[in-house]
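Enquirer: For the record, the sequence lines run as chains H and C. Anchor point for the first sequence: position 120 equals 125 in the numbering used here, and the numbering is continuous, going up by one each time. Anchor point for the second sequence: position 221 equals 226 in the numbering used here, and the numbering is continuous, going up by one each time.
These aren't lab readings, by the way, just hints derived from the structure by calculation. Using N, Cα and C, we set each Cβ at its ideal position, and we do this for glycine too. Among the hints, erroneous ones may be present.
[Unchecked claim] Quick list of the computed label-pair ranges, beta carbon to beta carbon: (1) Asp195(H) <-> Glu98(C): 55 to 65 angstroms; (2) Glu98(C) <-> Asp173(H): 24 to 34 angstroms; (3) Gly196(C) <-> Leu29(H): 28 to 38 angstroms; (4) Gly153(H) <-> Gly77(C): 56 to 66 angstroms; (5) Gly154(C) <-> Leu29(H): 51 to 61 angstroms; (6) Arg78(H) <-> Gly154(C): 54 to 64 angstroms; (7) Pro96(C) <-> Leu45(H): 49 to 59 angstroms; (8) Val142(C) <-> Gly37(H): 51 to 61 angstroms; (9) Leu29(H) <-> Gly153(C): 55 to 65 angstroms.
[Stated by the list, open to error] In silico contact screen, one side only, chain C against chain H (beta carbon under 7 angstroms); selected entries: (10) Ala74; (11) Ala75; (12) Thr76; (13) Gly77; (14) Ile80; (15) Ile185; (16) Val186; (17) Gly188; (18) Leu197.
[Claimed, not checked] Chain C residues, not near chain H, derived (Cβ > 10 angstroms throughout): (19) Asp19; (20) Gly37; (21) Met41; (22) Met53; (23) Gly81; (24) Gly95; (25) Trp102; (26) Glu146; (27) Gly153; (28) Asp156; (29) His177; (30) Arg189; (31) Arg192; (32) Leu200.
Here is how the chains run, residue by residue.
2 protein chains.
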Amino acid sequence: MVKLRVHNLAVSLDGFATGEGQALETPFGHAGGRLMEWFLPTQAFVEMSGHEDEALGAGTTGVDNAFAAATGRGIGAEIMGRRKFGPQQGPWEDESWRGWWGEEPPFHSPVVVLTHHERPELEVGETTFLFRSLPPVEALELATELAGGLDVRLGGGATVVRDFLAADLVDHLHIVVVPIVLGRGVRVWDGLEGLEERFDVEVTASPSGVVHYVFSRSGSRPGA
Amino acid sequence: MVKLRVHNLAVSLDGFATGEGQALETPFGHAGGRLMEWFLPTQAFVEMSGHEDEALGAGTTGVDNAFAAATGRGIGAEIMGRRKFGPQQGPWEDESWRGWWGEEPPFHSPVVVLTHHERPELEVGETTFLFRSLPPVEALELATELAGGLDVRLGGGATVVRDFLAADLVDHLHIVVVPIVLGRGVRVWDGLEGLEERFDVEVTASPSGVVHYVFSRSGSRPGA
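Excised from the complex, chain H in its bound form (with noise of 0.2 angstroms):
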């Protein structure tokens, strides 16, 4: 069965997947880099986003690795909530943004970009966006048939992986708690009070400092 999946959602110890102040040069708010300090140093990292740093070297390769590598396996298409696209927020005055990966974005595959506003499909290297305004369920059959027999990644933010959830269209939600409060921001856990019924839930702690949890669906989707 095709897989809804969600990998390397970071959060803090106080359940916030983002700080406050979101913006163009502040994407995390104040929260900063903080939230994926553990990622940036994984081979999986370093080879996505394409150069050896001096520093990093060809990457990690311990358990923080492990996990970021599984993030592109076997994937077929993304979902994605419109502020991870960009920016931009309303009706679309500037058509000419082709997101924040440049002329090659790392997901070679189609990705649903959900927003109220609809626009026609753009094509940047492999990835080809389509932007459409549909509910989870929707865009979760749209994002299925574009994947062809392959699973479905849901690539947030935090309210969309929230109104996946509760939804129940998850199958697969690897969440990375950061040692850090940050007091403020959007919260994951926000009306998934109980959450934890509908999965099995497997826990690795990192010598990076940060929690793996890996919820799997116990049983099968709803309808599916």
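Given chain H's structure and the hints, the job is docking chain C onto it.
Expert: What follows is chain C alone, placed relative to chain H:
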């Protein structure tokens, strides 16, 4: 130096140390026993509660027990909130209440109970309860005096721990994150943004599914 230590403070993934609807029969509110499930099978708890259980035997001796067993080591006094002592609020209408713990409470040392309603001290077995209306720094001074050179334990509940953390008085904080989403109750992390900057943090995942966080003060206590 005498330390102020918190042990076994269990919180849900979304940061609640107790659920909604606390009462005499439901001290953790709608959380029920779920936050302390990891603790009950440990040898330390089995010994503390004074009777072996047929199902549990002498108790587990793994990582959960290693942490549970540190609770009483080198402790000379405890500070607790009034709600940990008993369910009454406001003026003491029933002074016959002698705590939850029967005739031999597990403290075996002086216990400072923080309350706006002072009353004469109470001896139960080897434990003396002192009922004092004191701000955190003075409560710690009193407890330190009573502890005779040993450490002081901050016994909870969550709001009391939060107050002492906000006043920067805690030296050792052992938090146990339980993989459940409670959705409502008393939040531990509120008002503690940046807490991690004052501590070294060590993280250990247990096969039981909980994660043990140990925050150790990185420098010395201000004013100490």
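Enquirer: Which numbered hints are broken by the structure, listed smallest first?
Expert: 1, 2, 8, 10, 11, 12, 13, 14, 19, 30, 31, 32
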